[in-house]
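Visitor: As given, the protein sequences belong to chains H and U, one line each in that order.
Residues in the first sequence are numbered consecutively from 1, following my numbering.
Residues in the second sequence are numbered consecutively from 1, following my numbering.
Fair warning: there could be bad hints in the mix.
Under the rule of at most 27 angstroms between Cα atoms (straight-line distance), these lysine-lysine pairs were calculated in the DSS-like manner [as the list claims (entries may be wrong)]:
{"#": "1", "chain 1": "U", "residue 1": "K37", "chain 2": "H", "residue 2": "K57"}
{"#": "2", "chain 1": "U", "residue 1": "K71", "chain 2": "U", "residue 2": "K5"}
{"#": "3", "chain 1": "U", "residue 1": "K71", "chain 2": "U", "residue 2": "K37"}
{"#": "4", "chain 1": "U", "residue 1": "K37", "chain 2": "U", "residue 2": "K56"}
{"#": "5", "chain 1": "H", "residue 1": "K57", "chain 2": "U", "residue 2": "K5"}
{"#": "6", "chain 1": "H", "residue 1": "K11", "chain 2": "U", "residue 2": "K37"}
{"#": "7", "chain 1": "U", "residue 1": "K5", "chain 2": "U", "residue 2": "K111"}
{"#": "8", "chain 1": "U", "residue 1": "K5", "chain 2": "U", "residue 2": "K56"}
{"#": "9", "chain 1": "U", "residue 1": "K37", "chain 2": "U", "residue 2": "K54"}
Please keep in mind that the hints were generated in silico from the structure rather than gathered at the bench.
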Amino acid sequence: DTGVSQNPRHKITKRGQNVTFRCDPISEHNRLYWYRQTLGQGPEFLTYFQNEAQLEKSRLLSDRFSAERPKGSFSTLEIQRTEQGDSAMYLCASSYPGSYEQYFGPGTRLTVT
Amino acid sequence: DQQVKQNSPSLSVQEGRISILNCDYTNSMFDYFLWYKKYPAEGPTFLISISSIKDKNEDGRFTVFLNKSAKHLSLHIVPSQPGDSAVYFCAAGMEYGNKLVFGAGTILRVKS
Chain H
1 DTGVSQNPRH KITKRGQNVT FRCDPISEHN RLYWYRQTLG QGPEFLTYFQ NEAQLEKSRL
61 LSDRFSAERP KGSFSTLEIQ RTEQGDSAMY LCASSYPGSY EQYFGPGTRL TVT
Chain U
1 DQQVKQNSPS LSVQEGRISI LNCDYTNSMF DYFLWYKKYP AEGPTFLISI SSIKDKNEDG
61 RFTVFLNKSA KHLSLHIVPS QPGDSAVYFC AAGMEYGNKL VFGAGTILRV KS
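Between the sequences and the hints, there should be enough to build the whole structure, so can you do that?
Guide: Now the structure itself:
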């Protein structure tokens, strides 16, 4: 069991650029979640998938954000026209069917300059 | 609205003593609660959980207590070890597989 992996671990981009992050969940997990964490706060929910279906999106997820999980395996989170306020740690988690426990990856640290 | 609150930003404890981390919630629909531990530059690591039908759950040095009437839970670590120094997050969920709502975290420092 290799755990949840995320790539890249760090991303520095200029304001206005597009960025894409990837998450590979634990293989048996059918649910995949994206959260965002800023300094001094806990993770905040962005969106989640059951298999390839996106079941819920937070109001935090503006039109510039899009997430996909095309074959129910890995997921990508894209941010278009990045803003300085997008600077945060983006966390991915996955869970077994019928389980509350979510297992997190190491996160992608985004810095928008 | 902060549905899950951790009112103590930090806690300092001597090695070998008990650490007690507290968490309050406002939404009575939450039926499952979890504690996560986070080291710098890493993602949160699941520690222990409790269902709303229980009032206590133990796993080794870690015990979580739930008081539903007070909408309060606590994590006890006995004995505390320097390796326990980390940020601890309380989280709550409403149904299987749904999103978790997190508190802001408490920084625990265990002094040797």
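Visitor: If a hint holds in the structure, say so; if it does not, say that too.
Guide: Against the structure, the hints:
1. U/K37 - H/K57: 25 angstroms, holds
2. U/K71 - U/K5: 11 angstroms, holds
3. U/K71 - U/K37: This hinted pair holds, its Cα atoms lying about 21 angstroms apart.
4. U/K37 - U/K56: At roughly 19 angstroms apart (the allowed maximum being 27 angstroms), U/K56 and U/K37 satisfy the hint.
5. H/K57 - U/K5: 23 angstroms, holds
6. H/K11 - U/K37: 24 angstroms, holds
7. U/K5 - U/K111: The hint holds at about 25 angstroms.
8. U/K5 - U/K56: With Cα atoms ~20 angstroms apart, U/K5 and U/K56 stay inside 27 angstroms; holds.
9. U/K37 - U/K54: 22 angstroms, holds
Hint check: no violations occur; every hint is consistent with the structure.
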